[in-house]
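Protein chains in written order, with our numbering: chain A, 887 to 1123; chain B, 79 to 316.
Certain hints may be false.
Just a sample of chain B residues kept apart from chain A, beta carbon distances all over 12 Å, derived [as the list claims (entries may be wrong)]:
{"no.": "1", "residue": "150"}
{"no.": "2", "residue": "249"}
{"no.": "3", "residue": "308"}
With a straight-line cut-off of 25 Å between C-alpha atoms, the simulated PhoX-like cross-links for lysine-lysine are [claimed, not checked]:
{"no.": "4", "chain 1": "B", "residue 1": "273", "chain 2": "A", "residue 2": "1116"}
{"no.": "5", "chain 1": "B", "residue 1": "167", "chain 2": "A", "residue 2": "969"}
{"no.": "6", "chain 1": "B", "residue 1": "307", "chain 2": "B", "residue 2": "142"}
{"no.": "7", "chain 1": "B", "residue 1": "205", "chain 2": "A", "residue 2": "1105"}
{"no.": "8", "chain 1": "B", "residue 1": "286", "chain 2": "A", "residue 2": "969"}
{"no.": "9", "chain 1": "B", "residue 1": "142", "chain 2": "B", "residue 2": "302"}
{"no.": "10", "chain 1": "A", "residue 1": "890", "chain 2": "B", "residue 2": "159"}
{"no.": "11", "chain 1": "A", "residue 1": "973", "chain 2": "B", "residue 2": "302"}
{"no.": "12", "chain 1": "B", "residue 1": "307", "chain 2": "A", "residue 2": "947"}
{"no.": "13", "chain 1": "A", "residue 1": "969", "chain 2": "A", "residue 2": "1105"}
{"no.": "14", "chain 1": "B", "residue 1": "115", "chain 2": "A", "residue 2": "1116"}
{"no.": "15", "chain 1": "A", "residue 1": "947", "chain 2": "A", "residue 2": "925"}
{"no.": "16", "chain 1": "A", "residue 1": "950", "chain 2": "B", "residue 2": "159"}
{"no.": "17", "chain 1": "B", "residue 1": "263", "chain 2": "A", "residue 2": "950"}
{"no.": "18", "chain 1": "B", "residue 1": "142", "chain 2": "A", "residue 2": "959"}
{"no.": "19", "chain 1": "A", "residue 1": "938", "chain 2": "B", "residue 2": "282"}
{"no.": "20", "chain 1": "B", "residue 1": "167", "chain 2": "A", "residue 2": "1116"}
{"no.": "21", "chain 1": "A", "residue 1": "970", "chain 2": "B", "residue 2": "282"}
{"no.": "22", "chain 1": "B", "residue 1": "81", "chain 2": "A", "residue 2": "1116"}
{"no.": "23", "chain 1": "A", "residue 1": "1105", "chain 2": "B", "residue 2": "282"}
{"no.": "24", "chain 1": "A", "residue 1": "962", "chain 2": "B", "residue 2": "263"}
{"no.": "25", "chain 1": "A", "residue 1": "973", "chain 2": "B", "residue 2": "307"}
{"no.": "26", "chain 1": "A", "residue 1": "970", "chain 2": "B", "residue 2": "142"}
{"no.": "27", "chain 1": "B", "residue 1": "159", "chain 2": "A", "residue 2": "969"}
{"no.": "28", "chain 1": "B", "residue 1": "302", "chain 2": "B", "residue 2": "286"}
{"no.": "29", "chain 1": "A", "residue 1": "973", "chain 2": "A", "residue 2": "950"}
{"no.": "30", "chain 1": "B", "residue 1": "205", "chain 2": "A", "residue 2": "888"}
{"no.": "31", "chain 1": "B", "residue 1": "205", "chain 2": "B", "residue 2": "286"}
{"no.": "32", "chain 1": "A", "residue 1": "938", "chain 2": "B", "residue 2": "286"}
{"no.": "33", "chain 1": "B", "residue 1": "307", "chain 2": "B", "residue 2": "286"}
{"no.": "34", "chain 1": "A", "residue 1": "1116", "chain 2": "A", "residue 2": "947"}
{"no.": "35", "chain 1": "B", "residue 1": "263", "chain 2": "B", "residue 2": "302"}
{"no.": "36", "chain 1": "B", "residue 1": "296", "chain 2": "A", "residue 2": "947"}
{"no.": "37", "chain 1": "A", "residue 1": "938", "chain 2": "B", "residue 2": "142"}
{"no.": "38", "chain 1": "B", "residue 1": "292", "chain 2": "B", "residue 2": "263"}
{"no.": "39", "chain 1": "B", "residue 1": "292", "chain 2": "A", "residue 2": "973"}
Just so you know, these hints were derived from the structure itself, not from any lab.
Just so it is clear, CB atoms sit at the ideal spot from N, CA and C, and this is done for glycine as well.
As a plain string of letters, each chain reads:
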Amino acid sequence: MKNKIFVFSISLVIGLSIMIQVNNDAKNYTFANVHTVSKISNQLESYNEDIKDLKNLIEVKRNKLYEYKENIKNDKDVIQLLKKEIKGTRIKAGFTDLRGEGILIRMNDNPTDTGNNINFDIVHDVDVSVIVNDLINAGAEGISINGSRVISTSEIVCVGPLISVNGEGIAAPFVIKAIGNKETLSAAINAPNTYGYKIKNYYGIEVTTLESEYILIPKYSYDVNINTAKPISEEGE
Amino acid sequence: MYKKIFLTIISIILGLIFALQYQVVKSESGEIITTKKASELAYELRQVENERENLILELEEIEKELREYEQSVSIENDYIKNLNEELNKYKIMAGIIDVEGEGVVLTIDNPSAQAQFDDYTNNIIYKYEYLLLIISNLNAAGAEAISINGQRFTNYTEIVPVGSHLNINGVSFVPPFEIKAIGNKQTLQSVINFKGGVIWEMQKLNYKIDIELKDSIKIERYMKPIDFKYAEEINEDE
């Protein structure tokens, strides 16, 4: 009998202390959806980045405004200025030939007969897209595939045995050129665990790279069709 | 007698294990945050949002003044107008100006938690190449401007997995991903809904995909500076 009472009271005490402990902690905590918290954090990070960039942009534009005020006296000046702006913007948009150090990559289908599903042996649009993406991540300032300049509006899609880039069908082997720091670009394709490394070593896709002091990348030379997008610049729009 | 000692020891051990486990869960749980922290975060977000809005307004003021110089009225009016149009065209291609127009908005989220538990590769972070393919297809359909979670897609935009996030233009994001594209909305839609295409494939894998056609979409500019450190333009002889 005494034993039973003893065990009962001990259990009661233990139960009570657990309850008090949890209760105390619960007061200070609130359940927030994991998703919401990370969404807010990411939004914060994104906005803080923007603020940094905006402050930079404001300074750049203020300087430009000062330059305008000092130098524009008549229409000839405006025209000259606009032409200069256009030239600079075309370079950023990819409408000029570029030269500089960089890398040359040659990708081709697996030449051996592996007996696997043929899809594992050939170069797909995804492969080219990811390689281009990795090059950009490694600081590529200009990229071309088989002589066709790749810009943000360029598609890279499989069309049967060809890959369509800028509306033209191109076939393997694919020669990708990129200008940037040649070692960094090379590492982006050759270092272990990169996509380039994986398709080469696990799928047998031919991937050879060549670093060079002098790479020439042609300008984007196709039609520019901006029919739907309008710049938001005028008040009231 | 021995029974009692034995029981006591077991109880003590159990108690210790329980207490330890409780502490470990408490410290590792990312799901419980202090009430104070939650409201602090929300407050901070509002502050930062306001600062960003104000800076954007300030920038727009300066740009308005700049435009007044660039669009000055005169007898040379047409030529200057054409030059301005050309400048805007290239600014849109470069991604350095805000744009507006009809198009589509895609929202992509991971399949259910169960599907991810069954196979960890059922995750857009792991399968980020799907996003690249979607963008490529939108381009094939004539998209004129694209953004992902507000980040303008430019010649210099990367999409890379970093831990459990995707980095786009250097900013990290978690799903869902909202892709906006400005272009002919019918054409964009047909390419997206193409049977056997990327979206179709993703839907079969139970990714949650929402497609909305809109008459007016606003896509913000790419805000980072674009400076070439290795490339030099080759001057065209005009």
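Status of the hints after comparison with the structure:
no. : hint             : result
1   : 150              : 6 Å, violated
2   : 249              : 5 Å, violated
3   : 308              : 4 Å, violated
4   : 273(B) - 1116(A) : 31 Å, violated
5   : 167(B) - 969(A)  : 13 Å, holds
6   : 307(B) - 142(B)  : 30 Å, violated
7   : 205(B) - 1105(A) : 31 Å, violated
8   : 286(B) - 969(A)  : 47 Å, violated
9   : 142(B) - 302(B)  : 20 Å, holds
10  : 890(A) - 159(B)  : 97 Å, violated
11  : 973(A) - 302(B)  : 19 Å, holds
12  : 307(B) - 947(A)  : 21 Å, holds
13  : 969(A) - 1105(A) : 18 Å, holds
14  : 115(B) - 1116(A) : 42 Å, violated
15  : 947(A) - 925(A)  : 32 Å, violated
16  : 950(A) - 159(B)  : 20 Å, holds
17  : 263(B) - 950(A)  : 37 Å, violated
18  : 142(B) - 959(A)  : 18 Å, holds
19  : 938(A) - 282(B)  : 41 Å, violated
20  : 167(B) - 1116(A) : 9 Å, holds
21  : 970(A) - 282(B)  : 51 Å, violated
22  : 81(B) - 1116(A)  : 85 Å, violated
23  : 1105(A) - 282(B) : 40 Å, violated
24  : 962(A) - 263(B)  : 41 Å, violated
25  : 973(A) - 307(B)  : 18 Å, holds
26  : 970(A) - 142(B)  : 19 Å, holds
27  : 159(B) - 969(A)  : 12 Å, holds
28  : 302(B) - 286(B)  : 31 Å, violated
29  : 973(A) - 950(A)  : 16 Å, holds
30  : 205(B) - 888(A)  : 65 Å, violated
31  : 205(B) - 286(B)  : 14 Å, holds
32  : 938(A) - 286(B)  : 34 Å, violated
33  : 307(B) - 286(B)  : 41 Å, violated
34  : 1116(A) - 947(A) : 21 Å, holds
35  : 263(B) - 302(B)  : 29 Å, violated
36  : 296(B) - 947(A)  : 22 Å, holds
37  : 938(A) - 142(B)  : 21 Å, holds
38  : 292(B) - 263(B)  : 7 Å, holds
39  : 292(B) - 973(A)  : 34 Å, violated
Violated hints, in rising order: 1, 2, 3, 4, 6, 7, 8, 10, 14, 15, 17, 19, 21, 22, 23, 24, 28, 30, 32, 33, 35, 39; the structure is consistent with all others.
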